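Chemist: Heads up: the sequence lines are chains A and B, in that order.
The numbering used here applies: residue 1 is where the first sequence begins, and numbers increase by one.
The numbering used here applies: residue 1 is where the second sequence begins, and numbers increase by one.
These are calculated hints, taken from the structure and not from any lab test.
Treat each hint with caution, since some may be false.
The list makes no distinction among identical chains, and a pair is therefore deemed to hold if it is satisfied within one copy or across any two copies.
[Claimed, not checked] In the SDA-like style, the derived pairs of lysine to any residue whose C-alpha atoms are separated by at most 25 Å in a straight line are: (1) 5 to 172; (2) 112 to 301; (3) 222 to 275; (4) 169 to 189; (5) 173 to 143; (6) 112 to 34; (7) 41 to 131; (8) 105 to 148; (9) 112 to 86; (10) 160 to 262; (11) 102 to 2; (12) 5 to 226; (13) 132 to 223; (14) 160 to 235; (15) 5 to 111; (16) 160 to 193; (17) 222 to 182; (18) 103 to 189; (19) 103 to 170; (20) 112 to 302; (21) 105 to 39; (22) 132 to 280; (23) 173 to 234; (24) 160 to 197; (25) 105 to 300; (26) 105 to 60; (27) 102 to 225; (28) 173 to 34; (29) 35 to 185; (30) 102 to 67.
Treat the numbers as computed from the prediction; the structure is a model and nothing was measured.
There are 2 protein chains.
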Amino acid sequence: MTTIKDVALRAGVTVTTVSRVLNNRGYISQETREKVYRVMKELHYQPNEIARSLTRKRSMILGTIIPSIAHPFFAELTHHIERYASDLGYKILVCNSRLEPKKEKEYIDMLKSNRVDGIFMASHTLEVDVYKRLQQPIVTFDRRIADIPYVSSDNEQGGKLAAELLLRKGCEKIALICGNLSLDLLSNRRTEAFVRELRRRSVEPVVIELGRDVFETVDYGKAVGALFDAHPDVDAIFATGDMVAMHVLKSCAQRGIGIPERVKLIGYDDIDTAALVNPGLTTIRQPLEAMAKSVVDLLDGMVAGNEVPLENVHPVTLIERETT
Amino acid sequence: MTTIKDVALRAGVTVTTVSRVLNNRGYISQETREKVYRVMKELHYQPNEIARSLTRKRSMILGTIIPSIAHPFFAELTHHIERYASDLGYKILVCNSRLEPKKEKEYIDMLKSNRVDGIFMASHTLEVDVYKRLQQPIVTFDRRIADIPYVSSDNEQGGKLAAELLLRKGCEKIALICGNLSLDLLSNRRTEAFVRELRRRSVEPVVIELGRDVFETVDYGKAVGALFDAHPDVDAIFATGDMVAMHVLKSCAQRGIGIPERVKLIGYDDIDTAALVNPGLTTIRQPLEAMAKSVVDLLDGMVAGNEVPLENVHPVTLIERETT
Numbered sequence: 001m002t003t004i005k006d007v008a009l010r011a012g013v014t015v016t017t018v019s020r021v022l023n024n025r026g027y028i029s030q031e032t033r034e035k036v037y038r039v040m041k042e043l044h045y046q047p048n049e050i051a052r053s054l055t056r057k058r059s060m061i062l063g064t065i066i067p068s069i070a071h072p073f074f075a076e077l078t079h080h081i082e083r084y085a086s087d088l089g090y091k092i093l094v095c096n097s098r099l100e101p102k103k104e105k106e107y108i109d110m111l112k113s114n115r116v117d118g119i120f121m122a123s124h125t126l127e128v129d130v131y132k133r134l135q136q137p138i139v140t141f142d143r144r145i146a147d148i149p150y151v152s153s154d155n156e157q158g159g160k161l162a163a164e165l166l167l168r169k170g171c172e173k174i175a176l177i178c179g180n181l182s183l184d185l186l187s188n189r190r191t192e193a194f195v196r197e198l199r200r201r202s203v204e205p206v207v208i209e210l211g212r213d214v215f216e217t218v219d220y221g222k223a224v225g226a227l228f229d230a231h232p233d234v235d236a237i238f239a240t241g242d243m244v245a246m247h248v249l250k251s252c253a254q255r256g257i258g259i260p261e262r263v264k265l266i267g268y269d270d271i272d273t274a275a276l277v278n279p280g281l282t283t284i285r286q287p288l289e290a291m292a293k294s295v296v297d298l299l300d301g302m303v304a305g306n307e308v309p310l311e312n313v314h315p316v317t318l319i320e321r322e323t324t
Numbered sequence: 001m002t003t004i005k006d007v008a009l010r011a012g013v014t015v016t017t018v019s020r021v022l023n024n025r026g027y028i029s030q031e032t033r034e035k036v037y038r039v040m041k042e043l044h045y046q047p048n049e050i051a052r053s054l055t056r057k058r059s060m061i062l063g064t065i066i067p068s069i070a071h072p073f074f075a076e077l078t079h080h081i082e083r084y085a086s087d088l089g090y091k092i093l094v095c096n097s098r099l100e101p102k103k104e105k106e107y108i109d110m111l112k113s114n115r116v117d118g119i120f121m122a123s124h125t126l127e128v129d130v131y132k133r134l135q136q137p138i139v140t141f142d143r144r145i146a147d148i149p150y151v152s153s154d155n156e157q158g159g160k161l162a163a164e165l166l167l168r169k170g171c172e173k174i175a176l177i178c179g180n181l182s183l184d185l186l187s188n189r190r191t192e193a194f195v196r197e198l199r200r201r202s203v204e205p206v207v208i209e210l211g212r213d214v215f216e217t218v219d220y221g222k223a224v225g226a227l228f229d230a231h232p233d234v235d236a237i238f239a240t241g242d243m244v245a246m247h248v249l250k251s252c253a254q255r256g257i258g259i260p261e262r263v264k265l266i267g268y269d270d271i272d273t274a275a276l277v278n279p280g281l282t283t284i285r286q287p288l289e290a291m292a293k294s295v296v297d298l299l300d301g302m303v304a305g306n307e308v309p310l311e312n313v314h315p316v317t318l319i320e321r322e323t324t
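When you get a sec, could you build the whole thing from the sequences and use the hints?
Modeler: The structure is reproduced here in structure tokens:
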């Protein structure tokens, strides 16, 4: 295999000069630079990227820790993150962490040892203290921990928009299906804002809280069944995620409950399939592309040592389709 | 920051000994090993993983190049790959390559420079020759290139099962919506087997071939519309992917075409949402978990220098739901 020494020898320069050309550091004349590149090409020289990242102290890899890449919301978010990161020269490591604090810990260790330049953390099983102690680039999703920058949608506004729509449609017996409220997540503000808005108009919602592991979709159907058994007169449902809303659609079809005729339904996220199901799902849209860009820009800024904003809250939009 | 020298000094051993403990190489007494580990813990020593991978010539990273992680089939496949890979100590780099041969090339370069130990290649935009020249661990998906090991579902059997079901249901005017047949993909055997089986029973199918970029879902709806405009008497459709089948469902609902009453529909893949749409989608199930395990085992075997099988074809199952 061709080494940096072979290149230097053939180009008639020192190894230091070749290294400077490779790392784009120090003064190198245009002529020398071109000669080195030409020789590297002639000799099919392949720089050892690991050795280079050791010198640069950068791996150009970002780690993303998400509950599950099989979940459409995180699959679509990761898709956009990969695209923006790739534009800046980063590669993306994907980690499904759900239920395994060990994996979050492993990634933190990779960050400490410079194997990744930064971490996007959308799973939160580790103790908050682990994060507080870190000086390195971390961006969280839908969670605020000390002064770590975070990205979220405007959950407050989302919950409010959902409540206003259902009230405007004349719904009176309104249910909410949401994630576990004991987790310290900003997404719980969807629930708080929704409930507050209804109460302001003297409507008391039925609240169904899903289990801790809201990304295991198998139990969604059961929760919906239990809701209709206990409250057969429900005339509207706000599900705080589209996947849950799709399970509501399915359960209603199986029970012969007409949507939107008898029950109005609204989701949250606007994943690709929301437009594809029958009837098309009304939902609160999170601007995934903008949020992904925000994640990448924040991490890149922190890697470069820049000050970055702490709160990165993105506006949501009501997308009205056929379920309301 | 604590270095390996600090650890050696405090433990009263040489740097080489600490390095041997870290890399599990050479003879080290149990006593020394325990002492080194204890000191590393006391000093909060964090081994520099990049430096270690340079010595080991292994990064413990596998690259996966897929058309799009936002596509549910690849999201679910990647989910399982990540899980199995993680069990063996590998991390997963994800690359959305679609339409960008440049990115495939970049990953090949990473492989050559030991930044990834192996590559799972489910996107095929580069010239075949680039792969043929490689000596390193690569596993392809649904494509056979020279003697590179590949993983696929039994596409032949899948096409045959779909045809048999539709004929058994008494369908006579049968359409097929498939990917671009000019791409040299094993998945085209679904189409070949389907058409062969119908012709054997004297039924000539209508074949609708999607564009080259079949993972851009925006055009699916149009293709379905065109099919019904040209052939209003179609009574069955086999879509060679579930996402396309879901677009057929949507288009039929919009046109008031009853499924399964007027048109029977069958997909391919069995992605999670296939069970969730209304009516539930009949489909040919690819065993994603087994296929993902196969991908990881093959790459891990090749990294270890083992001989691995070239053909890794997994059986499919007909999952009959409500669309047939």
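Chemist: Give me the numbers of the hints this structure contradicts, sorted from smallest to largest.
Modeler: The structure conflicts with hints 1, 5, 12, 13, 18, 19, 22, 27, 28 and 29, although it agrees with all the remaining ones.
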